[in-house]
Amino acid sequence: MILVLAVIGALLVGAFLLVIAGANPIVAYRAMLVGPFSSRYGLTETLVKTTPLLLVALGIIIAFRSGILNIGAEGQMMIGALCGTAFALAFPNLHGAILLPATILVSFLGGAFWGGIPGWLKAKLNVNEILSTIMLNSIAWQLMIYFLRGPMIDPKERSYGTGVPQTQQLPHQVWLGRLLPRTRLHWGIIIAIGLAVLVYIFLWRTSLGYKMRAVGAQKEAARYAGMPVERLLVLAMALSGGFAGMAGMIEVLGIHHRLMDGISAGYGFSGIVAALFGQLHPLGAIPASFLFGALMLGADMMQRAVAIPAAIVFTIQGLVVLFVVGTDIFIRRPDFAQRLFRRRRPAARKEGA
Amino acid sequence: MIDLITSLLAITMRAGASLVYATVGEIYTERSGILNLGLEGMMLMGAVSSFAVAYYTGSLVLAVLMAMLVGGLLALTHAFLTVTMRANQVVSGLSITLFGSGLASFLGQRLGPAENSHYLVGLVGPKFTPIAVPGLSQLPLVGPIFNQDPLTYILYLLVPAAWFYLYKTRAGLELRAVGENPRTADAMGVDVVKVRYLYTTIGGMLTGLGGAHLSLAYTPGWSENITGGRGWIVIALVIFAMWNPARAVLGALLFGGINAVQFRLQAAGTNIPAAYLNMLPYLTTIVVLVAMTWWEALSKRIGAPAALGKPYMREEK
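Residue numbers (numbering that gives the first Met the number 0), protein chains in the order written: chain S, 0 to 352; chain C, 0 to 316.
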């Protein structure tokens, strides 16, 4: 209920912005809220956006549950996709049944490596992981751009002299199949939902997952109980990065079929929001990712309907989060509203005395 | 050689000024016990709003005031969410950045004049230009110190004043007390909530001003992501400065210096790919953080406010 009110509040402020921008907020919001659910195109595109969001969110959940904040999914997506793409391009003659899983595995390892660095820095040197992951995002982007402009650029781009920073197309046998004809919906969504169930089983039904959550809940108690806290932190960050890496690669395999600049498209940040929205639960992340996928697509549609800059997507998303964060206390502590008012009473009593 | 060092110092100082503003601002915020990760969004908003105001009114003073207002308002939102609504400071700060950078980018594509299809990118507006102090600015090596834009000159006063206020006045003592131990400060009669609101907002105003320096002086004009992650680097610089405003200058000089070296190398046309040069500030930030934790391990304490990031609830316990 409060969540709904928070979203409505955010949309009202957003409407104010739309009016300033000279757009009709009713037309805009109808496009945004109805668009994603009212057509075959809308629904499948929402699912297309759900896929990377969910994969990123799963990684975020593993990290957050282990008590380490991973803000570096953007960079991990890029490095994962970079490694996977390089691998698939290096072995174009392998059979799809080998090449596809191997490519995804390589992207997982690439993301895991990139996520493992801040994990190691945190565990061994106590370096703040928020800052190190954000710095690694910028470094990852520079690295990817370097490879896309230099060693890995599509030879056609070089010979035409256009120089668009992208690789050549991946071999066909590694593309993810489409679930529905004439849509972009691909197998990635099935993989993502399957992995959500696996992450749930991992975190709540295996002893390793239990240990990770113990580190997240009470680090010192976990250490006292003899758990290898440092190793678990690095592992959590590596797994977290691995999921982001896969998110990047599956985006390449399912949609673009080549690596290009802008592959992460803000999914790395929106995935964090989706994870928080899903109460940091792998199964809760499924509807949350769907919701944010719809929000992202809806904002795209809105932008086309009333011709306003695409950046409104992140503005409204930021507003939604701000409102949810601001009202979260009412959910965590139902008595908080009363407290807010009760606090004034002692002062009033003093006046009376 | 002397000419080279002199010109490096000139670029260093120009590149470092915005960092000093934001670092001093965040030091004040964190000293009150509030961690504000919204700096990147606030700097971007400061940059875009001040440029728009300067472009339309022609007044640099109004532009700077606008940046401070916008930065202050965003920081006030953060204070409201974290102090009154007791939201998680990390999540609140991140969402301020998400919102601020989204809105800044949106405004940059909307506030411009119709003939530029409403874009602010590519417009030329009024800007702060360096004012040379006669004589002094001609000195070798230190000359650039006396050939800066007005916003940088203000820093020569602001930094010592910020240091003096924090360590030598009663209000500064109260601020530090709130960040170290809010319960004791409360018992001393300090209004913890008021102090946190006040200094978070002041921090935001200074951060907005830092953003204004980018779009009005350092790289005049508006471009997407004009901050290039400076809002995040500043949070590392606060640790580097050990929460002391006077030391904020050192970190800003270090990072300004890296910018200057980047500039020089790129201008000189080295065969190091630009991408690697562009990574330097981010790599350095990580190195700085590692160095600071080593330093902390050696001397036990680098001065982080003990209550940083923890909400204070008066009614409980």
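Hints were generated in silico from the structure; no laboratory data involved. There's no promise every hint is true.
[As the list claims (entries may be wrong)] In silico lysine-lysine, DSSO-like type, Cα no more than 30 Å apart, as pairs:
(1) Lys309(C) with Lys126(C)
(2) Lys167(C) with Lys123(S)
(3) Lys309(C) with Lys218(S)
(4) Lys210(S) with Lys309(C)
[Unchecked claim] Calculated Cβ distances over 12 Å to all of chain S for the following chain C residues:
(5) Ile4
(6) Arg109
(7) Gln137
(8) Ile144
(9) Pro159
(10) Thr168
(11) Thr292
[To be verified] Simulated restraints on C-beta separations:
(12) Phe36(S) with Leu156(C): 38 to 46 Å
(13) Pro154(S) with Ala290(C): 56 to 64 Å
(14) Leu282(C) with Glu219(S): 43 to 51 Å
Note that CB positions come from ideal geometry on N, CA and C, so glycine has one too.
Structure-based check of all given hints:
no. : hint                                 : verdict
1   : Lys309(C) with Lys126(C)             : 41 Å, violated
2   : Lys167(C) with Lys123(S)             : 38 Å, violated
3   : Lys309(C) with Lys218(S)             : 17 Å, holds
4   : Lys210(S) with Lys309(C)             : 26 Å, holds
5   : Ile4                                 : 28 Å, holds
6   : Arg109                               : 5 Å, violated
7   : Gln137                               : 38 Å, holds
8   : Ile144                               : 30 Å, holds
9   : Pro159                               : 28 Å, holds
10  : Thr168                               : 29 Å, holds
11  : Thr292                               : 5 Å, violated
12  : Phe36(S) with Leu156(C): 38 to 46 Å  : 58 Å, violated
13  : Pro154(S) with Ala290(C): 56 to 64 Å : 43 Å, violated
14  : Leu282(C) with Glu219(S): 43 to 51 Å : 32 Å, violated
Hints 1, 2, 6, 11, 12, 13, 14, counting from the list given before, are not met by this structure.
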